[in-house]
Structures are given as structure tokens and as C-alpha cells.
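A.B. asks: The listed protein sequences derive, respectively, from chains P and Z.
Reminder that position 152 of the first sequence reads as 152 in my numbering, one-by-one numbering, no gaps.
Reminder that position 335 of the second sequence reads as 335 in my numbering, one-by-one numbering, no gaps.
Treat the hints as calculated values from the structure; they're not laboratory data.
Note that the coordinates shown come from a computational prediction; the quantities given were computed from them, not determined experimentally.
Every residue, glycine too, gets a C-beta built ideally from N, C-alpha and C.
Any given hint might turn out to be false.
Pulled a few chain P residues facing chain Z out of the computed Cβ check, cut under 8 Å [what the hints assert, rightly or not]:
(1) N28
(2) A51
(3) K53
(4) Y56
(5) G67
(6) L71
(7) M73
(8) S74
(9) P75
(10) A79
(11) L85
(12) V91
(13) A105
(14) A112
(15) G114
(16) Q161
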Amino acid sequence: MMALLEVRNLQVRVEEREILHGLSLAVNQGEVHAIMGPNGSGKSTLSHVIAGKPGYEVTSGEILFKGEDLLEMSPDERAAKGVFLAFQYPVEIPGVATMNFLRTALNAQRKARGESEYSTPDFLKKVREVAKSLNIPQEMLRRGVNVGFSGGEKKRNEILQMALFEPSLCILDEMDSGLDIDALRVAADGVNALRSPDRAMVVITHYQRLLNYIVPDVVHVMSKGRVVKSGGKELALELEASGYAQFEEVAA
Amino acid sequence: MNVAVAKTDTGRVLSSAFAAARDQLPGGGKIAEFRRQAFEAYDRAGLPHRRIEDWKYTDLRALMRDILPLAPAPDADALNRAASALKLQAVQGARRLVLVDGVFAPDLSETQDLEQGLGVRTLREVLEAGDAALQAQLFAPGGADAMVALNSAMMTDGVVIDFADGVILKRPLHIVHIASGATPAAMFTRSMLRLGKQSGATLVESYVAAGGAGAYQVNDLLITAIGDRARLDHVRLTEDGREAFNISSAMVTLGAHAHFNTFGMTSGASVSRYQATIVFAGEGARVETNGVNLLNGRQHADTTLVMDHAVPNCGSREIFRAVVDDRAHSVFQGRIIVRPKAQKTDAKMMTRALLLSDEAEADNKPELEIFADDVTCGHGATSGALDESLLFYLRARGLPEKAAQALLIQAFVGEAIESIADDGLRDAAITAAQRWLEARA
């Protein structure tokens, strides 16, 4: 079976500094992978490069998504193909109403796939259903995108979009950062509800804590720009006990 | 010296144009004398240039070079083309008053069934048969500004609108200036709006071209007197053809406790300038003036506002946004004058420019002239590019680059547009902004 996402020997620079030194990773449909690693190991860089953020130079390697060369696509093309990045720090966009943003984005993706646009009543119904399940009040949807949202609200807004856009690959970049335990549980429940045999997830986190709530099928350990160890979910617990130091030596 | 020679040439061409046109211009006797004096004032100064401080950023001598011949009155073909252009300009429920090539077009206008207390006449009627006091009021702006002086000399038509005391009309008036663009020509219009005490009016002004119009020049002036406790909601949309020049002036006077909510947007014309002077003549009056420039290509648009606080206890707010792409050039000059008697004035001005290309230019000139000691006055200005992190967020959600930019541009100009108090006028402004964004995509 062809992997949904296949990263092969990826080397990436930011300005003159190489951050990823030949990273490889394969994620199959329906799987949840966790990527763990210390700060500066390149976890967020990987998520940004997959989503197409400008400012990163890929000097070698490739990323295949559903067998297609992802690096040749613009960020919006990637989104329309089914790649979704839940941001570690979702931006605030004053003056752009959340509802207008959601509709514009959803219809842009559908248009790019040659699908018909949602009618307003269908769209509103869908948003209301998803918002309710995530405990997002309607009042939040009338505000500017993420404007005045708490950390937890911002993360829930990311998950709302994930549910609405129905991507086939979700990358969750440090979803737990800045969340207290209650907010984390709500967010994780939202993510778990979206687990499906048609959808893969890559959960990037520094701490094992998140993986108590979103239980992965595969755990990768990243250090210094490479995947240095992969294993089952028990690998996360092992890391919790022994720390990252052992892997930093391996990578060095 | 080159400049002097250029002035003489331009002056000579126009002198003959004025001589040729003067017999066709409405109003004899005293009016003709007003015109002659105004023309002399213009002729002495010539086209404004960069060494005149008020025109520093909009050098008409370089940009405009000369004044085109006076537009002939529109024929049937011109009126037909104007009628087609008019269809795009519908403002919900508005009463249209249409000027084609500087001449009032009764068949395109709605002057029947005027509401009680509303008077509408053409400028031509007033100049030919109006009372002397009204005629003098029409010439009151004088010749201090060369382009206003030229307007005084050459004005052919316009509308003179009166609201009686206490008359409040929800139905907007919509003055539409259409250039048929048959031949390169100049049009000179002047209108007047007088609001009686405690009256209320809504006015939209649009400047557009018929399809296929080439180069033309608009020179317009609106004189507005807002009576005590009266209110005017005003929107001005400059969507002239891309080879057009539009030099428009406004003189606004507010009575005691009057309220003026005004918004201007320029997305059309090659070179344009809107210069407005707002005078607080009665205590307790309020003005909100907001503007947006949406420019690309090599467009040049100048908004110059003078807020003249002559009496105590008045407030003014100015919000201005410029979106500048390609090699376009946006100018905002905002002068706030607080005269010695004008204590407790509360005047604020905020301008922001969004530069979408490396070659785009935005000039911002705030001038505060404060002669009273118990006032609150402030101004601020920023300029910058679209935020890359916001753009990436939107693109990562599936918006193509132009669509992501469009959403952020809408948000940027949103604050100025949201300040339009009247729902119908706000919709008209949003529609005009969308037309610009769609043309860009």
C-alpha cells in the first residue's frame, strides 16, 4: 500500500542554517503518528514545510502526498488536496469575521477540487453542528478570526476548521502548548472525534501528556533534524521516564 | 526657466478656451464679471505645482500639463451611453440627479414628485434666473485655490438642493457625474446643498465614465451648508475612467450641534484630488470623515482635508486608509486648525497605508495648527505591507494568494467603511470596494 504521506530524505534550510538533515517518514491512511522531540529538533519546521510556509528552502529530498509531489504545490493547493495544519499559534485577523473566513476558505477548497460551493443554509447548519460539539459559542463565530480568543478558544477554532474542511491529513503542531488540563481535554476530544480510517494525523508535541488523550499508533522521536527512533505508543512513556538526552547523543 | 514657459503655453491655450466658451456659459451681467475675475485669478496662478505647499505631492503642471477644451453638451448618443453606465451605479432607493459631460440630464434624473420641503434646481437655472444673494453664495469660495477659481470661471451646470427647516428625508439623493468620453474634454460642475435647521439628508456622489471613455477632466465643487442641529450623511465614490483627471473640491459649513458623517473612496481616475474644507461655525457640532484610496497601476490620488475649528466644543474624527499597489501613489494631507476661541475642541486623525508593492508610494502630511490651550487633538500614521503570517494562515486554509490578499485588504479598509452610519450608503461603498478587488484578481 502506498503511504498517504511520504517524506524522503528531506533536507531543509532557513536562511543559511540547515534545520532538517535528511528526514524520512511514512504515514498511512487511518494512522495517528506522534512526533516527539526536544525544542529545536525541527518538529515545527517539518510541519511548516509540509504546509508550504514561505521562508524554508528544501535543498534535497521530497514529500509525496497521495503519490503527488507536495513541494510543487502552493499552500492553498495543498489545503484543497487535503493537508491541514493546526497552528501552534493561530493568528488573529481583525476585521475578518470568523464566519466569513470559514465560508470563503471552505468554498475556495471546494472550488479548487471542482466541487460545488456550499449553499448558505447548508454551510450554517454544518458550522453550528460542529461548533456545538466543540463547545464553541455562536458569539465567537461573529468575532474577527481569533480576535480576543483565549488560548483554548484558538485551539478549538483550529479543530473546528479541521472538522469543517474534512482533510485527509491533519498535522497538529504543539496543540497542547498554552492549554490547561481542561482545555486540553476538550481539544483532544475534538481531535479524537475526527479519527477515521480515511484520515491520518501527525501529532507534534514536546510532552507525553497530550498522548494520554490522543493515543498514537506510531511514535517517532526527532533529534537534531532527523527521526532517530520509531516505535509503538509505549515509546512515549519510555521517553517520559528517561528524557531526550539519550537520543541527542545518538543524533550527534 | 522651463516651468515659466510651460505655464505661459498652458495659459495661452486655456485663455483662448475661456474666450471661446464664455458666450456659452450660463449667466450674464454680474455672473459674467465674476467669471472673468475668477479666470484672471486662475490665469495669474496657472496650474498648481509642487512648489505650492498645498499641492506639493500633486504637481498638476507635471501630471495634467494642460486643461482640455470644454466638453460639448451631450448629444443623444452620449446620453445613451451614459444611461448604460448608470445601471451599475444604482444606490438602493436613491433619487438620482445625473450630470453628463457637465450638463444636467433631466431624462436620466428623477426630479418628479419631490418631497415636501425639498427643492432641486439646476445650477444653470440659478445662474440664469436665480436671486442675487444665492448667486453670490455660489461664487463665495473665491479664487484662493487656482482649481476652484478655474471652476468659478468655467462651471456649466450642477444641482442646487435645498432642505427646508425640519425636513428629514430617508431617501438618499444621488448625484452621478458621468463622462460620456466621446472626445477628450473638460467638464466643470458646481453643486450646492443647503440644509435648514434640524433637517436631515443623505447624499451620494459618484463619478464614473461611460464604457470606452478615454481621457477627460472633471473639475467639481460642492458647497454645503448644514444648519443648526441638522445632519448630513454623505458618501463620495470616485470611479472615473483610468485615463481621467478628477479635481474636486468641497466647502462645508456646520451650524451649532450639526452632524456630518462623510466617507470618500477613490478607486478610479488616473489622477485625482479631493480637497475639502470643513468649517465649524456653530458650537457643539460633530464631524466624522473617513476615506479610502484603492489604487494600482500608475494611479495618483490625493485627499486633502482641512478641518477648521473656529468655535468651541466641536469634535472631529478622521480615519483614512490607503491601499497602494504597483507604481501607484496615494497622498493624504490632513490639516486641523483650532482657532483661539475654539476651546474644548476634540480632534483626532488616524491614517494608515498598506503598500502592496515595492514601488507603491504613500505620502502622509498631518498638520496641526492649534491656537487654543484647552483642547484634545491627536494624529497618527502608519504604513506597511500585508502581514506575511496572516497571508500564510489564509493560504493554508485554501485561499489562493489574490483571494487571501483581498480578504486582508477588505479588513484593512473595513474600519473606515464601517464608520459609514447609513446602511444603504455603507453597502454602496462595499460594492465599490468589491468592484476594485474583483478587477484586481
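A.B. asks: If a hint holds in the structure, say so; if it doesn't, say that too.
C.D. replies: A quick look at each hint next to the structure:
{"no.": "1", "hint": "N28", "verdict": "violated (23 Å)"}
{"no.": "2", "hint": "A51", "verdict": "holds (5 Å)"}
{"no.": "3", "hint": "K53", "verdict": "holds (5 Å)"}
{"no.": "4", "hint": "Y56", "verdict": "violated (11 Å)"}
{"no.": "5", "hint": "G67", "verdict": "violated (21 Å)"}
{"no.": "6", "hint": "L71", "verdict": "violated (15 Å)"}
{"no.": "7", "hint": "M73", "verdict": "violated (11 Å)"}
{"no.": "8", "hint": "S74", "verdict": "holds (7 Å)"}
{"no.": "9", "hint": "P75", "verdict": "holds (4 Å)"}
{"no.": "10", "hint": "A79", "verdict": "holds (4 Å)"}
{"no.": "11", "hint": "L85", "verdict": "holds (6 Å)"}
{"no.": "12", "hint": "V91", "verdict": "holds (5 Å)"}
{"no.": "13", "hint": "A105", "verdict": "holds (4 Å)"}
{"no.": "14", "hint": "A112", "verdict": "holds (7 Å)"}
{"no.": "15", "hint": "G114", "verdict": "violated (14 Å)"}
{"no.": "16", "hint": "Q161", "verdict": "holds (7 Å)"}
In terms of the numbered hints stated before, the structure departs from hints 1, 4, 5, 6, 7 and 15, listed from lowest to highest.
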